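> Once you've looked at the hints, dock chain B against the given chain A.
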Amino acid sequence: GAVVSQHPSWVICKSGTSVKIECRSLDFQATTMFWYRQFPKQSLMLMATSNEGSKATYEQGVEKDKFLINHASLTLSTLTVTSAHPEDSSFYICSAEGVDSYEQYFGPGTRLTVT
Amino acid sequence: TQLLEQSPQFLSIQEGENLTVYCNSSSVFSSLQWYRQEPGEGPVLLVTVVTGGEVKKLKRLTFQFGDARKDSSLHITAAQPGDTGLYLCAGTNSGGSNYKLTFGKGTLLTVNP
Numbered sequence: 001g002a003v004v005s006q007h008p009s010w011v012i013c014k015s016g017t018s019v020k021i022e023c024r025s026l027d028f029q030a031t032t033m034f035w036y037r038q039f040p041k042q043s044l045m046l047m048a049t050s051n052e053g054s055k056a057t058y059e060q061g062v063e064k065d066k067f068l069i070n071h072a073s074l075t076l077s078t079l080t081v082t083s084a085h086p087e088d089s090s091f092y093i094c095s096a097e098g099v100d101s102y103e104q105y106f107g108p109g110t111r112l113t114v115t
Numbered sequence: 116t117q118l119l120e121q122s123p124q125f126l127s128i129q130e131g132e133n134l135t136v137y138c139n140s141s142s143v144f145s146s147l148q149w150y151r152q153e154p155g156e157g158p159v160l161l162v163t164v165v166t167g168g169e170v171k172k173l174k175r176l177t178f179q180f181g182d183a184r185k186d187s188s189l190h191i192t193a194a195q196p197g198d199t200g201l202y203l204c205a206g207t208n209s210g211g212s213n214y215k216l217t218f219g220k221g222t223l224l225t226v227n228p
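Protein chains in written order, with this note's numbering: chain A, 1 to 115; chain B, 116 to 228.
Only chain A is shown next, with the shape it has when bound in the complex (with noise of 0.2 Å):
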């Protein structure tokens, strides 16, 4: 149980183009998502954390109109990274709030290489 599913897993982008990232819970229904981003060796750092029929709230320094989150249902919260540039190249990874709420299961990843 408890898993959580990322798509695509790995994407290539020009620069300038948008790209979604598409994070599911399988197997059960998640009321909140969190969107992490991690740099090469470097620990996770969340961007965003996205609730269910509501907006996403955002962490300090995470522009909200780049990083468009849309969590319509309760498994599936989505990222789209807007206008993307080759700095925005890293590894997104969400999460799913568990049933005992300080619980988060991730999924596994999405890389982004911006050219």
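Honestly, the hints are just simulated from the structure, not real lab data. Here the structure is a predicted model, which means the values were calculated and not measured. Mixed in with the good hints, there may be bad ones.
Said to hold, decoys possible - Footprint (simulated), chain B over chain A, 3 or more residues, beta carbon under 8 Å:
(1) 39-51
(2) 79-87
Unchecked claim - Chain A residues, not near chain B, derived (Cβ > 10 Å throughout):
(3) H7
(4) S18
(5) L26
(6) F28
(7) V62
Cβ atoms here follow ideal geometry from the backbone N, Cα and C, with glycine treated the same way.
Structure of chain B alone, referenced to chain A:
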């Protein structure tokens, strides 16, 4: 801002050796999680500790939560190459209605055969 300091940052040992990884903070956490992450994959939850002084065992892994809930340790007995990975501790910050995780920088463990 709550910070978690992990040590050591890197650890390379031989198969069969024991090791301990530390996670320290000046802040109190309502709970603390340990994750293991392999390259190109998401973190996998190993354990959650919630009570000060709590000790949990998972096969060869022993996790301890400090009495004051500010620190934790992970001890691995007789390490195996399959234990290789990035070990992350994360504290739960029960702010508002969501439980945010604050991650340490991780300990990169390499177990050589």
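> It remains to establish, for every hint, whether it holds in the given structure.
Each hint tested on the structure:
1. 39-51: Held - the stretch 39-51 of chain A has 8 residues with a Cβ nearer than 8 Å to chain B, which meets the minimum of three.
2. 79-87: Per the Cβ count (0), the hint is violated.
3. H7: Fine: 13 Å to the nearest Cβ keeps H7/A off the interface.
4. S18: The claim stands: S18/A keeps its Cβ more than 10 Å from every Cβ of chain B (closest is about 23 Å).
5. L26: holds, 13 Å
6. F28: holds, 14 Å
7. V62: Label holds. Min Cβ-Cβ 13 Å, cutoff 10 Å.
In this structure, only the earlier hint numbered 2 is contradicted, and the remaining ones agree with it.
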